[in-house]
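Enquirer: Taken in sequence, the protein lines are chains R and D.
Each residue of the first sequence is one higher than the one before, starting from 0 at the first, in numbering that gives the first Met the number 0.
Each residue of the second sequence is one higher than the one before, starting from 0 at the first, in numbering that gives the first Met the number 0.
None of these hints come from the bench; they were simulated from the model.
Note that beta-carbon positions come from the ideal geometry of N, C-alpha and C, so glycine has one too.
Please note that a few of the clues may not be correct.
[Claimed, not checked] Distance condition first, Cα-Cα at most 25 Å in a straight line; then the derived DSS-like pairs of lysine-lysine:
{"hint": "1", "chain 1": "D", "residue 1": "Lys129", "chain 2": "R", "residue 2": "Lys149"}
{"hint": "2", "chain 1": "D", "residue 1": "Lys216", "chain 2": "D", "residue 2": "Lys34"}
{"hint": "3", "chain 1": "D", "residue 1": "Lys91", "chain 2": "R", "residue 2": "Lys249"}
{"hint": "4", "chain 1": "R", "residue 1": "Lys88", "chain 2": "R", "residue 2": "Lys151"}
{"hint": "5", "chain 1": "R", "residue 1": "Lys151", "chain 2": "D", "residue 2": "Lys91"}
{"hint": "6", "chain 1": "R", "residue 1": "Lys249", "chain 2": "D", "residue 2": "Lys129"}
{"hint": "7", "chain 1": "R", "residue 1": "Lys149", "chain 2": "D", "residue 2": "Lys91"}
[Claimed, not checked] Distance ranges between label pairs, derived from CB positions:
{"hint": "8", "chain 1": "R", "residue 1": "Thr239", "chain 2": "D", "residue 2": "Gly46", "range": "46 to 54 Å"}
{"hint": "9", "chain 1": "D", "residue 1": "Ala109", "chain 2": "R", "residue 2": "Leu111", "range": "54 to 62 Å"}
{"hint": "10", "chain 1": "R", "residue 1": "Lys249", "chain 2": "D", "residue 2": "Ala18", "range": "36 to 44 Å"}
{"hint": "11", "chain 1": "D", "residue 1": "Ser30", "chain 2": "R", "residue 2": "Leu89", "range": "37 to 45 Å"}
{"hint": "12", "chain 1": "R", "residue 1": "Ala15", "chain 2": "D", "residue 2": "Pro89", "range": "36 to 44 Å"}
{"hint": "13", "chain 1": "R", "residue 1": "Phe86", "chain 2": "D", "residue 2": "Pro89", "range": "24 to 32 Å"}
{"hint": "14", "chain 1": "R", "residue 1": "Val240", "chain 2": "D", "residue 2": "Gly137", "range": "31 to 39 Å"}
{"hint": "15", "chain 1": "D", "residue 1": "Gly137", "chain 2": "R", "residue 2": "Gln101", "range": "40 to 48 Å"}
{"hint": "16", "chain 1": "R", "residue 1": "Arg85", "chain 2": "D", "residue 2": "His193", "range": "34 to 42 Å"}
{"hint": "17", "chain 1": "R", "residue 1": "Gly158", "chain 2": "D", "residue 2": "Leu116", "range": "19 to 27 Å"}
{"hint": "18", "chain 1": "R", "residue 1": "Val186", "chain 2": "D", "residue 2": "Gly185", "range": "53 to 61 Å"}
{"hint": "19", "chain 1": "R", "residue 1": "Ala78", "chain 2": "D", "residue 2": "Gly58", "range": "26 to 34 Å"}
{"hint": "20", "chain 1": "D", "residue 1": "Gln61", "chain 2": "R", "residue 2": "Gly119", "range": "55 to 63 Å"}
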Amino acid sequence: MARRLTAWFDYALALAVLLAAWWFATGPMAMPGYLLPSPQRTWNALAGITVTGELWLHLGFTLQNIVLGLILGCVAGIALAFLMTRFPKLAIWLDGPLVILQTAPKIALAPLFIVWFGFGILSKIILIFSLVFFPVFIGAAAGFRALDPKMKDLASLLGLSNIQRFRQIELPSAMPEIFVGLKIGAVQALVGAVLAEWMSGKFGLGYLMTYAGATYKTPLLFAAVLLTVALGLLMHVVLTVLENRLLSWKGVQR
Amino acid sequence: MAQSERIIDIAGVHKTFAADHGTVTALEPVSITIKAGEFISIVGPSGCGKSTLLRLISGLDQATGGKITLDTAGRRRPVGFVFQEPVLLPWKTILENVRFPLDTAGVSRAEADKTALDLIKMVGLAGFEKALPRQLSGGMRQRAAIARSLSDDPPILLMDEPFSAVDLLTRDTLNDELLRIWQSTGKTILLVTHSVDEAAYLADRVMVMTARPGKLKCVHDVDLARPRGEDTKLDPAYHALVAQLRRDLRTSESRVGEAH
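If we strip away everything but chain R, and leave its shape as in the complex, we get (with noise of 0.2 Å):
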């Protein structure tokens, strides 16, 4: 507990230094506002689109987007891997047009699937699922693979079901490779997500930056950024609390 704490003071006494040079560098050092604009006036933009609501609505469409964006990219991802394992004829047949598909920088792709998909909101979460579901596939086809023959010995003595065998014994033991995968696909996730908005689209927290960009409202600028750092702050607490949890029998100490 003691450790925690003392983690906990160093976490604010390093977040208080970089918010004191903030304010020396708008205060004392007198930079320009609308080049760095200074915490006061930044907290004023935050504050003013909160008591109007429009911070909950950016907010709560990029967070949408990227929760959905992993949750299927997670699943397509998992079962793809699986069905590939089970069935290895799958494996060489699609083994070829995965790897193109994998090396294709998403980003790229991401005016084509405005192109394909429309301004709304199927071709953001198209991109962040392509952006998730290549990890999280490489890190299960990787644990799947990993399975222990003898547990396979240990399905069919007990004459186990395909879902039980599925459920009971190897998504478990895939699981610490699933995770990797999902980390990283975590991060590309809201890249992906905040990319999306700038691209298109009238919400999100990447479409509030460009707007306060094009309209030189650099405190908003200032407001939009540091709350996705926020998000992706967030998400890797709640993935890494998850992993502890699922991932306990490991041994993993954090």
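Mind docking chain D on chain R? Use the hints.
Expert: For chain D alone, coordinates are given in the frame of chain R:
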């Protein structure tokens, strides 16, 4: 307990594998009848097909020819299997692992818990129900594996070198516990081992197998008094049998040596 009922009938069972340069014979035709409640040890060098025989009996592998009949009244899971490694699910507690065969067979939680807790007590793991496998020693994990193999009460227990990964002192203790479990449950046990001492100490009959190609060389009856214990290890008949088993294995080895 009816000792005369036969439970496993193995008739001319053999196994060949396809390899790059033709077929490899893993096991030449074996025939033997095993009675319900018997304790059989199978001893032999690596590559003699003893593990193959166990996998054939369990149904994990299919024989190339011959017939294995299990007289187990059509049970869905006629055999319990204890591997060389414990093969516990690392994310489940000891209780959950022991309960696993029951949970996946749809037995009610209350009933499964009762059976599993009794077995955990029997193998000497009381107090470790909530522990994860990684928190236990190798010997304790293997005890849990034995408890799991017994949890859905299979009439036959197949053990493939179950104690080869634990130290000798633990091994002696586990052997005595296995005898106690055998006596209290009346299971038919087939135990594969490298150790002739272990084979003679535990079994009613010892099957001696030889390698390249794997075949059953002979079967010895073990006429040592039950229950066995430290006194058995002082019995001259026990030493005579161990010596005989060693000779059986050595002659087979020198024959392989001549062939080269």
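Enquirer: Taking the hints in turn, state whether each one holds.
Expert: Evaluation of the provided hints:
A distance of roughly 24 Å separates the Cα atoms of Lys129/D and Lys149/R; the hinted pair therefore holds under the 25 Å criterion. Between Lys216/D and Lys34/D, the direct Cα distance comes to roughly 20 Å. Compliance with the 25 Å bound is thereby established for this hinted pair. A C-alpha spacing of about 11 Å is found between Lys91/D and Lys249/R, which places the hinted pair at or below 25 Å, so the restraint holds. About 20 Å separates the Cα atoms of Lys88/R and Lys151/R, which keeps this hinted pair within 25 Å; it holds.
Simply put, Lys151/R and Lys91/D have alpha-carbon atoms about 17 Å apart, close enough for the 25 Å limit, and the pair holds. Taken as a hint, the Lys249/R and Lys129/D pair is honoured in the structure, with Cα atoms around 15 Å apart against an allowance of 25 Å. Restraint check for Lys149/R and Lys91/D: satisfied, since their Cα atoms lie roughly 16 Å apart, inside the 25 Å limit. For the pair Thr239/R and Gly46/D, the supplied restraint of 46 to 54 Å holds, since their beta-carbon distance comes to about 49 Å.
Judged by the Cβ atoms, the range 54 to 62 Å given for Ala109/D and Leu111/R holds: they are separated by roughly 58 Å. Evaluation of the 36 to 44 Å hint for Lys249/R and Ala18/D yields a pass: the beta carbon distance comes to about 38 Å. At roughly 43 Å, the beta carbons of Ser30/D and Leu89/R sit within the given window of 37 to 45 Å. The hinted range of 36 to 44 Å is satisfied by Ala15/R and Pro89/D, whose Cβ atoms lie roughly 43 Å apart.
Between Phe86/R and Pro89/D the beta carbons are some 27 Å apart, a value that agrees with the proposed interval 24 to 32 Å. Between Val240/R and Gly137/D the beta carbon distance is about 33 Å. The supplied range of 31 to 39 Å therefore holds. For Gly137/D and Gln101/R, the Cβ-Cβ distance of about 41 Å falls inside the hinted range of 40 to 48 Å, so the restraint holds. The given range of 34 to 42 Å is respected by Arg85/R and His193/D, whose C-beta atoms sit roughly 36 Å from each other.
Between Gly158/R and Leu116/D the beta carbon distance is about 24 Å. The supplied range of 19 to 27 Å therefore holds. Taking 53 to 61 Å as the suggested C-beta distance range, the pair Val186/R and Gly185/D conforms, at roughly 59 Å. As the Cβ distance of Ala78/R to Gly58/D is approximately 30 Å, the hint placing it in 26 to 34 Å holds. Evaluation of the 55 to 63 Å hint for Gln61/D and Gly119/R yields a pass: the beta carbon distance comes to about 56 Å.
Checked against the numbered hints given earlier, the structure satisfies every one of them.
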